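*Asks:* Using the sequences plus the hints, can you model the full thing?
There are 2 protein chains.
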Amino acid sequence: MLGAGNVGAEVARILLEDSEELGDRIGARPELIGIAVRDVSAPRTVDLPQELLTTDAEALIEAADVVVELTGGIEPARTRILSALRAGKPVVSGNKALLAQHGTELHAAAEAAGTSLSYEAAVAGAIPIVRPMLDSLSGDKVNRVLGIMNGTTNYILDQMDSTGADFNDALAEAQRLGYAEADPTADIEGHDAASKVAILGSIAFHSSYTIDDVYCRGITGVTAEDVEAARDAGYVIKLLGVAERVTSETPDDGSGVSGAPSTTGVNLRVVPTMIPRQHPLAGVRGAFNAVFVEAENAGELMFYGPGAGGAPTASAVMGDLVAALRRSVAGGPAVAPSFHALLPATNVDDVRTSFSLTLLCPDRAGVLAAISTVFAQHGVSISTMQQRDLPDAPERPGEGLAELRIVTHRARNADLVRTVETIRELDEVLDLRGLIRVESAD
Amino acid sequence: MLGAGNVGAEVARILLEDSEELGDRIGARPELIGIAVRDVSAPRTVDLPQELLTTDAEALIEAADVVVELTGGIEPARTRILSALRAGKPVVSGNKALLAQHGTELHAAAEAAGTSLSYEAAVAGAIPIVRPMLDSLSGDKVNRVLGIMNGTTNYILDQMDSTGADFNDALAEAQRLGYAEADPTADIEGHDAASKVAILGSIAFHSSYTIDDVYCRGITGVTAEDVEAARDAGYVIKLLGVAERVTSETPDDGSGVSGAPSTTGVNLRVVPTMIPRQHPLAGVRGAFNAVFVEAENAGELMFYGPGAGGAPTASAVMGDLVAALRRSVAGGPAVAPSFHALLPATNVDDVRTSFSLTLLCPDRAGVLAAISTVFAQHGVSISTMQQRDLPDAPERPGEGLAELRIVTHRARNADLVRTVETIRELDEVLDLRGLIRVESAD
Chain A
17 MLGAGNVGAE
27 VARILLEDSE
37 ELGDRIGARP
47 ELIGIAVRDV
57 SAPRTVDLPQ
67 ELLTTDAEAL
77 IEAADVVVEL
87 TGGIEPARTR
97 ILSALRAGKP
107 VVSGNKALLA
117 QHGTELHAAA
127 EAAGTSLSYE
137 AAVAGAIPIV
147 RPMLDSLSGD
157 KVNRVLGIMN
167 GTTNYILDQM
177 DSTGADFNDA
187 LAEAQRLGYA
197 EADPTADIEG
207 HDAASKVAIL
217 GSIAFHSSYT
227 IDDVYCRGIT
237 GVTAEDVEAA
247 RDAGYVIKLL
257 GVAERVTSET
267 PDDGSGVSGA
277 PSTTGVNLRV
287 VPTMIPRQHP
297 LAGVRGAFNA
307 VFVEAENAGE
317 LMFYGPGAGG
327 APTASAVMGD
337 LVAALRRSVA
347 GGPAVAPSFH
357 ALLPATNVDD
367 VRTSFSLTLL
377 CPDRAGVLAA
387 ISTVFAQHGV
397 SISTMQQRDL
407 PDAPERPGEG
417 LAELRIVTHR
427 ARNADLVRTV
437 ETIRELDEVL
447 DLRGLIRVES
457 AD
Chain B
17 MLGAGNVGAE
27 VARILLEDSE
37 ELGDRIGARP
47 ELIGIAVRDV
57 SAPRTVDLPQ
67 ELLTTDAEAL
77 IEAADVVVEL
87 TGGIEPARTR
97 ILSALRAGKP
107 VVSGNKALLA
117 QHGTELHAAA
127 EAAGTSLSYE
137 AAVAGAIPIV
147 RPMLDSLSGD
157 KVNRVLGIMN
167 GTTNYILDQM
177 DSTGADFNDA
187 LAEAQRLGYA
197 EADPTADIEG
207 HDAASKVAIL
217 GSIAFHSSYT
227 IDDVYCRGIT
237 GVTAEDVEAA
247 RDAGYVIKLL
257 GVAERVTSET
267 PDDGSGVSGA
277 PSTTGVNLRV
287 VPTMIPRQHP
297 LAGVRGAFNA
307 VFVEAENAGE
317 LMFYGPGAGG
327 APTASAVMGD
337 LVAALRRSVA
347 GGPAVAPSFH
357 ALLPATNVDD
367 VRTSFSLTLL
377 CPDRAGVLAA
387 ISTVFAQHGV
397 SISTMQQRDL
407 PDAPERPGEG
417 LAELRIVTHR
427 ARNADLVRTV
437 ETIRELDEVL
447 DLRGLIRVES
457 AD
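Quick mapping for you: the protein sequence lines, in order, are chains A and B.
Using our numbering, the first residue of the first sequence is number 17, and each one after it goes up by one.
Using our numbering, the first residue of the second sequence is number 17, and each one after it goes up by one.
FYI, nobody ran anything at the bench for these hints, they're computed from the structure.
In this text the structure is predicted, and so the values were computed from the model without any measurement.
Treat each hint with caution, since some may be false.
Here are the computed distance ranges between Cβ atoms for each label pair [claimed, not checked]: (1) A/P292 / B/E37: 27 to 37 Å; (2) A/G348 / B/E37: 16 to 26 Å; (3) B/G302 / A/E47: 26 to 36 Å; (4) A/P292 / B/R192: 34 to 44 Å; (5) B/T400 / A/L417: 43 to 53 Å; (6) A/A198 / B/D228: 51 to 61 Å; (7) B/G88 / A/D182: 48 to 58 Å; (8) A/R45 / B/G347: 50 to 60 Å.
Even for Gly, the Cβ is constructed at its ideal location relative to N, Cα and C.
*Replies:* Printed below as a string of structure tokens:
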């Protein structure tokens, strides 16, 4: 093992405590021969036998049959994993940042050496999702993966939804309870979820994506008003990680029958999104994670569970480790999944989603017509529009003020962006706020 | 392939349509060499090439590398699967009745021949649950599995909950919509779910159970009043399949510290159960299925999706088939899960759950005391008691009538049964109804 942090210490504990039962399942009793750490005398969350700790990672890899990497970060993890794989040793890792950046290189090294690289713990903690996607859905065709893949942001948004708190208060509460780190940037800006989307999207579409392929927006701009408006409309705002097949409708060839849509690529994104309260993802509360999969034959599947934590994440590591050890004992070749970049990552322009937005307008004739015209000109169709009269603005007494909440049908992202740009310029629009994607049945 | 029914025809369609893409994932293009059917000219849900159909199942098995059995029923499926396994051919099956009855024999045959038997489609349709339990949770310890594993009964109970319909009307509606069969016995009496509990419990506890080990109660006795009472109390009634580790508290040795609970066995049951509306299983609507797993390290996981249907179930079959073909191409040995009957199936007596029940009593002094005394005498502790005054019974004018709704803390099933027997005998109790198990945090 490399690393004895929160997760590593739990994995070591399980290996030491349950080695007999694990032996029954593996076909031979697993032996933890050592744990490479930076400082053998650092405090640990679990008491570990001192004689297992070493600072010599290279010698430990050399001596091991299977390597478990739980150090995190790019280097020296990358170099060490590569050296283990090149020596034909199966590697189990929970390092999402590394996999989201250098996954292609690591997979190629595993394939070339005929060994395995597994990383269930890198996506959505304890939830079995990597293996089900690779194995159970291997005879199906995935169209879309939607995931709540960061517990910190889900906790914050859930607090905002259930208590009406604003973002900063909910963040402070999350920090107080240990759900958010002192520097919460990686979570609240969506970077952590973006790594997971890159990994999960690669698996779902048998292609190879990195975090740079993921369009990423965090939740710092989500206001208490956005959350309340969503609730009023029967929605809840979640930070969704999405990997989605993008299709282009074949143009009508004159026969009146347009062709079957063909896949042009895959869009990967992390964005705050309104989802209907009846959607299974809407019920995912607190720091829990869930991944919702839409597949051609299976239909709609959801995988739910704890997305972080020492013991839960260790459970995912152990699943990979037992599988690697079983193979090691049984002596069969590793079956490497193939990632041959079949589907290119596409930018967000061609992605079609619904949007919700709120406009503040003077309450006078012609306003609705002006706004509707802009939507129509850009090919964006309005699904629902709700008008609410507001008290007069102090700087415009007597004029009347109205709030318009608009939800569009599915529209190309690029068309919506141009619509919004034009709407902002209108004299009839005083303010535009609460622009949020909506996932729904449409 | 054996069988070309609803699921079989979909598997054939996928194999024929997607053979190129499947070939990429398997390492060689899969060839469907034939489908054994009883009548080659029977109507099918999918048009299949006539030259693939044959009535000679034995010759087809002889010629095949991998056998997919989707005929259902015990014989001739059992004999055919055994002959394929004994010839070293991997078998994929969706036959829950067969597996729940003869699983031990089939697994032993696969293990002896060094080949694989897989059956993801036999439990909860498209939901990947068999493989995640076998692989992803192989390094963890499962304590409990709770599943909504029958879509027909979930549809009926969901209708009763959302419309107030009684059982017969909801069943008729389910039949009209095709969610229930003309003879719905296997579904509504819980037999279908019981097969799945036997299979899933075997996997979860690395032991070998049959349907005869499963205590089974259907939903025919669930009334509109039960559903309403549950809703009033913040619960929903679901037909839950449960496989649960049963522990016995080691008796206090005089030191004042009682020992750690030790596992005495596993209880398998299918029973209508009240679960809190916030529980993730409560949100499983319509004909969907879900399996909720409580594991020592992973914590609470849930797997959700369509539990039936041709294409969804075919997706599960395809996952198993691609895995079997990959192994066949790569040439490694099959890693058979071990079922060595480690934990005996226990009867329901020692199972500890909460219960809800409703009593109709005369509204006079001493009634509460008499009832409370009976509970206390049998060691059943009351969690909540709600009293509601009712109009006088016509045959007892002027006496006053009260309805008591009682929810107990967790109690031994046997103690609760004795409590109920005694309560029924009390002069102070006119009627006892709505006796239903409750799963909750307690």
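*Asks:* All hints, please: hold or fail.
*Replies:* Here is how each hint holds up against the structure:
no.	hint	verdict
1	A/P292 / B/E37: 27 to 37 Å	holds (33 Å)
2	A/G348 / B/E37: 16 to 26 Å	holds (24 Å)
3	B/G302 / A/E47: 26 to 36 Å	violated (49 Å)
4	A/P292 / B/R192: 34 to 44 Å	violated (27 Å)
5	B/T400 / A/L417: 43 to 53 Å	holds (50 Å)
6	A/A198 / B/D228: 51 to 61 Å	holds (57 Å)
7	B/G88 / A/D182: 48 to 58 Å	holds (57 Å)
8	A/R45 / B/G347: 50 to 60 Å	violated (27 Å)
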